[in-house]
Amino acid sequence: MNASWILSLCGGALIGVAASLLLVFGREVAGISGIFAGAISAEPVQGKWRPWFLGGLVLGGTVLWLLRPMSFGADVRSWPYVLLAGALVGVGTRLSGGCTSGHGVCGLSRLSGRSLVATITFITTGVVTVWLLGPKGWP
Amino acid sequence: MRQAWVALAAGFVFALGLGLGGMTQPLKVTGFLDVFGHWDPSLMFVMAGAIAVHMPVVLWQRRRQARGLIAAPEGGCGLPEEGAKLWDARLVGGAAVFGVGWGLGGFCPGPAFVSAGAGTLSALVFVVGMAAAMWAQAWLSRGARAGGPR
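Residue numbers (the working numbering), protein chains in the order written: chain A, 1 to 139; chain B, 140 to 289.
There could be a bad hint or two in this list.
[To be verified] Just the calculated beta-carbon pair ranges, DEER-fashion:
1) B:A211 with A:A42: 22 to 28 Å
2) B:R141 with A:S78: 19 to 25 Å
3) A:W79 with B:A277: 33 to 39 Å
4) A:L66 with B:G232: 47 to 53 Å
5) A:R68 with B:A211: 33 to 39 Å
6) B:R206 with A:W131: 26 to 32 Å
7) B:A205 with A:W131: 39 to 45 Å
8) B:P195 with A:I120: 45 to 51 Å
9) A:Q46 with B:W178: 20 to 26 Å
10) B:A191 with A:A3: 16 to 22 Å
Treat the hints as calculated values from the structure; they're not laboratory data. Ideal Cβ placement from N, Cα and C applies to all residues, glycine included.
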């Protein structure tokens, strides 16, 4: 695994800084699936900040692509399966109320037992999925 | 509006963290989940680094909340209430479905937006699937609440 874990640790720390910025100065929790669901919701939600956060994510992606294109990698499945993956993530995160950021980072940071249950569950089914399908391609 | 600028900055820094950490490389994500194959544990350190920084801030904020110095966060991201049941079928079932999608596509929501910003078309496809499913889910649950179509 060489030195990539050091870079991962630093990237993680930046994520922690970002979530803390939003919590301390914005009084909001950085759960990205919930932010997206709120941004596209047909029902009215409180605050107009969600599209700005998502815009920050997209803008960060563009800047990273210009400065460090190696941050991005090839697809692991063909588009129909990626579309299905997106749909599963959409439904699953709405039912469980969070994704890797909301449950995995913010939930565990506030010592939420429910987030721990969710995190263990999605990592487990992710591991089983990759075990069955392989890390890329379609068997 | 201050909150908008804070959100923009937080999203931007969040994206840099995801990209440097390796979360925007689908093969690295499935490699992390490939525990029974060629396991690449480095993404574990992304979560560890994030929590190491965020947890002290959360606990400090919680103390200030308890003293009534600041209001509780708006929430709005659907996270469970404190003191709620440790688990229920909705939480575990939903997280299980999310994990399958994560292992299938190699994207979770954050990295999908970041990769879309880098012009990765499959990430855009993923976001479209996610949006469609969220709309469908909201529509169905609204129908169920109103006693409408089952």
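Results of checking the hints against the structure:
| no. | hint | result |
| --- | --- | --- |
| 1 | B:A211 with A:A42: 22 to 28 Å | 26 Å, holds |
| 2 | B:R141 with A:S78: 19 to 25 Å | 43 Å, violated |
| 3 | A:W79 with B:A277: 33 to 39 Å | 25 Å, violated |
| 4 | A:L66 with B:G232: 47 to 53 Å | 41 Å, violated |
| 5 | A:R68 with B:A211: 33 to 39 Å | 37 Å, holds |
| 6 | B:R206 with A:W131: 26 to 32 Å | 48 Å, violated |
| 7 | B:A205 with A:W131: 39 to 45 Å | 44 Å, holds |
| 8 | B:P195 with A:I120: 45 to 51 Å | 23 Å, violated |
| 9 | A:Q46 with B:W178: 20 to 26 Å | 42 Å, violated |
| 10 | B:A191 with A:A3: 16 to 22 Å | 18 Å, holds |
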